Each structure stands twice: as C-alpha cells, then as structure tokens.
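Trainee: Kindly produce the complete structure, drawing on both the sequences and the hints.
2 protein chains.
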Amino acid sequence: MGGSEREPARVFAGALVVTQDAARRVVRADVRVDEGRFTHVGPAAPREGAEVVDASGYALVPGFVNLHTHVAMHPLRGIADDRDLAGFLETLFAVDARRTEADVEAGARAGIAEMLLGGTTSFLDLYYFEDAVARAVDALGIRGFLGWAVLDPEFTTQHGKPLDNAAAFIGRWRNHGRVTPLVAPQGVYVCGSETWLGARALAERERTLVHYHLSETRKEVHDHEAKTGRRPVDWLEEIGFLGPQQVAAHAVWLTSQEIGRLGQRGVAVAHCASSNLKLASGGVAPIVELRAAGATVGIGTDSVASNNSLSMLREIHLAGLVQKNHRWDATALSAQELLDLATLDGARALGQARDLGSIEVGKRADFSLFRLDHPTLQPARPEALVSHLAYAANDEAIDSVFVDGRPVVEDRRLAGGDWNSIRAALAAAADSLWAARPG
Amino acid sequence: MGGSEREPARVFAGALVVTQDAARRVVRADVRVDEGRFTHVGPAAPREGAEVVDASGYALVPGFVNLHTHVAMHPLRGIADDRDLAGFLETLFAVDARRTEADVEAGARAGIAEMLLGGTTSFLDLYYFEDAVARAVDALGIRGFLGWAVLDPEFTTQHGKPLDNAAAFIGRWRNHGRVTPLVAPQGVYVCGSETWLGARALAERERTLVHYHLSETRKEVHDHEAKTGRRPVDWLEEIGFLGPQQVAAHAVWLTSQEIGRLGQRGVAVAHCASSNLKLASGGVAPIVELRAAGATVGIGTDSVASNNSLSMLREIHLAGLVQKNHRWDATALSAQELLDLATLDGARALGQARDLGSIEVGKRADFSLFRLDHPTLQPARPEALVSHLAYAANDEAIDSVFVDGRPVVEDRRLAGGDWNSIRAALAAAADSLWAARPG
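Residue numbers (our numbering), protein chains in the order written: chain A, 1 to 439; chain B, 1 to 439.
Bear in mind the hints are in silico, worked out from the structure with no lab data behind them. Check the hints yourself; a few may be wrong.
To be verified - Counterexamples of contact, computed for chain B against chain A with all Cβ distances above 10 Å: (1) S56; (2) F155; (3) D164; (4) G171; (5) R174; (6) R205; (7) D223; (8) R231; (9) Q245; (10) R265; (11) L279.
To be verified - Simulated restraints on C-beta separations: (12) G362/A / D431/B: 18 to 24 Å; (13) Y189/A / G229/B: 29 to 35 Å; (14) S421/B / T331/A: 34 to 40 Å.
Being a predicted model, the structure only gives us computed values, none of them experimental. C-beta: ideal position from N, C-alpha, C; glycine also.
Mentor: Set out below in structure tokens:
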C-alpha cells in the first residue's frame, strides 16, 4: 500500500451514483478514475487506457469520514461496559499504563480493518504512539488524520513533553500522502491554558488541524466552572484559543452562547451519539442548533471501548433517531442530512472540502461499492437509496472500497493486510491488557 | 421446508455456547440435537448416529425473538421517512388500500429472509392476509406467531368481519408446527370494547395469544382520554380486557398506575425503540419500571416502514443505549439484560419459556452460529462475548441459523428460498405500491 505501484485508470460503468454533489443527485452514470481522482461522472465515460468495471449492480457512494475515534483502543472492546464515564475511565487509565507501541499498532490495524469494511475511508484520531497508527494507516490504505494527544506534563504517561512529542510526530509524517499529522489537546480537565495555546501555536506553525474533546459530560463542565469561573467554551474563547481548523469532539453540554461562539469561530464538531448515550452522559448534543449557528458537524464513532462499534452506518442511524425523538420532530436530521454529515460535512471539518466527500470530477477517488442486491437495500429503488443508507443498510452491503482510486477492500477482503494475522495480533494485545483490569 | 424430510441428528462439537441458562454460562461445549431438540449441552456429547460439525470456530447463540413486526410491509421501506406518525400513516393508509395477498406474500418472504440472516428464529406479527405470511413462514423455515389484525368493522378494508376472519385464520393454521395463529386488535383508536372483548374471547376459546398496539404516541393517549375519560391501559382494565397471554407493542406513554396494572395482569410488552424514536414519539418507554413491576419485556423491530431494519442486533444496541442515556444511568439494561430481552424474555412473552430462548436440554433447537473470527466480535474473548452481541456484532457475523435443528441459513444463504427470486418479487410489489403514494 506504500503507493509505489501505479494504479491503472478505471471506468466504473453504469453504477447508481450517490453523487453528494450540490443537487444531491442519485444517477446512473459512468465514473472514471485516473491517478487517484475522478475525471468523469456522467453518461458515456471515455474508456481509452482504462480497465472497465461493470458497476451496474452497485451503488457508488462517497467514502465515510469518521470524525472522532481512538482506533488503537480496539483490544479494549467490551472491557468496561455498563459503567458511567468515571468508572469507565478508572478501568481505561489502569490499562493505559500498560500500553506499548506494539499493541497500539495491533489495535490500530484491527480498528482500521473494521472501518474499511464499513466504508470509512478517512478518520480523525486522538491518541499517543501515533507513529504506530500511522504505520497501520500506511499498510492498510485508509486516509488518517492523526492527532497526537497533548496534556499538561503532570498528567501524562508520555516520555518527554507532550507538545514536543506532537511537534516531532508532525515533523516525521508531514509529507506522507495519506497520513496527515496534527496536534490534539485532550480536554480542559488535563490541559491548562499553556497547553491549549501551545497546541494552537504549533498548529498555526505547521498548518495542521487541532482536535480535542469538549464538554462531553456535565461533570467536566461543572468542574471547570468551579475551577475557573467559566464554562469550557467560554473559557477557551477567553484565553484566545478558539478558531478555524479545529474539530471539537462531543460538544454535548453547551449553552446557547457557547453554541453561537463555536459557530462564529468556525470550530467544527464531531458528534458521537453512541458513545454519549452508552456512557449515559444524559444529554443530547444540540446538533440542529450547532448547524444553525454555522458550525460544521460531522459524525464520530468514538472508540470501541465506549461505542462499541466503528460502523458509520450504525452511527448515522442512531444519531438521526436520537435527534428526532429528543426534539419531538421526525423531520430533524433527514436521511439526506445524515448522509451529508458522514461525507461532505466530515470532509469540510477536516479542511478537505475540495478533495473529499462527494463523487465529483477533480476530487480524490475515495468511495465504496454497495451491492444493490443486498437484503438491507431492498427494495432497491433509486429514490429510496439515501434512506436505505441512513436507516437500513449494514456494513455487509459494502462489496469493495477505494481510497485514491486504489482498492483497499475487494469482495469484503482487505487488500493491504491478512485478516487472520491482524486478528491474532489483536488477541495477543488483548491478553496483556485485560490482565491489567482493576478489581 | 414443509418438515416432511427427516433431519439427521447433529453434534456441534466444541462451540462457545452462550447458554442463556439460569446461570447465564458462556462455555465451551458440545451441543447435540435430535429430532429438533437439544439432547446434550456440555462436554463430550455422545456421537452415535449423529453428523458431527466442528463448531470450534463459532459461538452458538439462542435464536432471537422479534416480538413485534409487520413483516409484509417490506416493499414500503423508505416510502415515508422523516415524518411524524400522522404523516407516516397518511402515506401508509393510501398505499394499504392497494395491497393484494400476492404482494403481502412477496413482502413477507423478503422480511423473513432479512430476519433469518440476522439470527431471528421466531417473530410475532400483526397484519392481515396472514395466510400469505404463514405460507412464507412455512417455505423459509422460521417460526411465526401470526396475529390477524382486528378492528371495528367501520374502519377496516378487510372483506367480512375482522373477528370472523381472525377466527377462520386461526382455524386454518392451528395445527401447523411452526405457525401459531392468533388474534391482534390494532389499537384503541380503531377498536371499541366489543372488538377488544371479542378478541379476548376468541383467544380464550382457541388458547392463543392476543397481540396489540398500546400507548405508542401522546396523541393516541390524549384522544382516548378525551373520548372515554380514561387512559388506554386504565380503560382496557375497566372493560375487563387485560390478562395474561397478551403482548402489547410500544407501551411508551404510561402512568405509574398503568405500569403497575400491566405487571399485575401479566401483560407482556414488546419494546420498539427504533420505531418510537424515528417517528419522534418524544418519549422513552419505561422498560426498567415495567420489568420492576413484573411485566415481561421483549424487543420488537416494528416494520421496515418505521425502523427501517429488522436486525435484532441493531435493535438491542439502540434500546440499551437509549435507556442508559434517558435515565442518566450507564448500568441500566446491561449487555446481559439486553441479550435476555432478545431471547429468554421474548420466548416467555410468547408463552414459550419451556421450548425457546436458551440452549438447554429439552428445548427446541433454534440457534445461530456466529463466526468467532468476524471483525465485529474482536477481541473474541469469552468474557466479552455477551457485550459484543449486545453492542458490537453485526448480522454478517452470523454464519448459519437453525430452527427445530434444521438449517435455515447456511454460509449466509437461505436454505428455503432463492434470494434473487425473493428480491425480484419484492421489487415488483414495490413498483405497484409506490405508485399509490399520495402527493
């Protein structure tokens, strides 16, 4: 997957294309890919020099953007269920102290495999040992936006100063095609203003994103207000941190003023509905209000320790239903809007609106082929396809997945790794980590 | 699937068995099936006269019970999304008038196929033309508890009096092994006391269940109270309807008194979280309180018109997360309890606690084999398996499914029908019905 072999041009002929273009057209079309980008979307693509794939039995859908996860936590799925965030974190922190760069890489490979098999082609990660995650991204062919976690030195288990580690990580990976390194302050509970502003300065210097946790639980908001006299968003504004090129994960417990501030400052939000619900945060993130205030909102699965799945299809279904019920409004977050969150809006949040998120000429060829004969896409009527993607389809409906026009999943098999080896390495990592559970 | 061929005895050797027995053991064991029932669950099953299946790579899990659906509505998936119940019903009623027994059968076959591929081995249905559903049950090998919808004669599109139709349907199918016919009052908005009590009398005479919709929306409760001076449960108690052998679907909008009444009368509840949320009913069914009051609660998907999936794995994930968040309590509905709802409790609600719901000697051999190497079951540690089933697994992890010890899904293919024919018949039914959409 290193990118050294040249990929042939391809024409996907007669696919049912979910374009996600400005008109949100769903059309029968040929899609041509040359050198990793779409060069034709419409009738009768030129076929010269291209491999022609009969795509008439498939829906061609933009790759999903998972806007918040910790992919290396894969060995920890099921380790701390049915507990609130405090009990959950007690287990996680005990296990965390045992982590090695090798088991982080094993976890990342398994997590990326699950994401690719679910049609995710880009993800935004927050963790440490991110070089190991970057190697897994490189091997398996996904696109990774990898945030090195920074926090105040007294809280970290990292060797050296986290901000220096983040800067070094960015330096090592800044020229890799599918890896975009960035800096990721963990949250107000472990980051003081020096860490926040240091992260912002690093990101400006390196022109990277900043990714962080924000107002996930009532306790976090309450504790910060008790300590500083300000709620987290108000405080981040006051210290001069907020700005564009930032993605805040969770953003559940916000006042109207904070919502307006995030919109005004151009901060994007990664909505993590399953994780918030499973940890019983008690709130429902104000997605409709954030969008109305001008904030870009995408969808994150969070990690398998709290979700416990990396499926974007499951996540948009759940996110949509929860918004509708919470607002007593069945029209809130329509099927089309849910698909937008998982594609176009995720791409925009990553600063990739020109390159990712839709099937349009000039964009990178990141997409999936869904089998139109799959049970969860029936009846396979074009006018129902977006609804089926939002509310019914499961990952098994995805036959193959492409990143930069290169197949990364074919007939539900990974192109860049052997699943049984990935699984065995994950099991070995889990053996060591589960032994460290408290109690 | 008619049951005429004799099925060989089988030993599933070395499976990881999710027994759902009284101790909820998850153990490596041999499972022997003779004449459709489990005859050995434990080490070293006798192998005489049996086909031996190496099940060491599988989890052997009780078949799921889908406690409320309208399986024949399959052609209507995606026809009325993102609307509240009133707008949803406007479309549904317009289309309903066009339904034929043939398209009901086509829909039922597709719906049953989706359920079997998701590990559902029993379902409770509410519709009309149930003979067509019964034929689909017979062909595909699932176990169907089929409720003929009854309502006051002035509201129905049925030919003849609905209660007479229900009685005749019960008479035609009462001796079929896998079809259990029953009577199903639609709800208080179309059933007066004569219909309710007539249904109860019919069920007592025929020793069948009664299945009905109950307190799904605020409007339904408000309208009934305005008309009768009583909330629905209080009113059903007053007219002498409530009693055991009843399954009420939804049960969202209940007072504490009504919850206590349902428990006291032995009424079971089918919880339909996805459907309630998608139609923005605004409430969250009081599952914890119903169970505390002694009511048996199972899980229903409702139909694909409102869910839009028949996956029980998706449904328990969502049901669990919503209860936790709504109650600000991450311990509410643990993974084990969610699996119980989908198996043991569903079986009890159907009056089948002696025959269905767990892997124990003497019970009917309704079960699935989940691939322990599937991505969504990693890490595949025995102590995490119940968590993975509740929160992570998707339908693709299911390799094969058995009902009465007979394979109904093998290697993700239906044993009792050709998927492409089922799909084509569904598409034809959808062509005719979608043409009848209003507006």
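Trainee: Hint by hint, say whether it matches the structure.
Mentor: Going down the list of hints, with the structure as the test:
1. S56: 15 Å, holds
2. F155: F155/B is indeed farther than 10 Å from all Cβ atoms of chain A, at 24 Å.
3. D164: 33 Å, holds
4. G171: 33 Å, holds
5. R174: 31 Å, holds
6. R205: Its Cβ never comes within 10 Å of chain A, the nearest being 39 Å, so this holds.
7. D223: Holds: least Cβ distance 17 Å, greater than 10 Å.
8. R231: 20 Å, holds
9. Q245: Given a closest Cβ separation of 31 Å, the condition holds.
10. R265: 28 Å, holds
11. L279: 6 Å, violated
12. G362/A / D431/B: 18 to 24 Å: 37 Å, violated
13. Y189/A / G229/B: 29 to 35 Å: 54 Å, violated
14. S421/B / T331/A: 34 to 40 Å: 37 Å, holds
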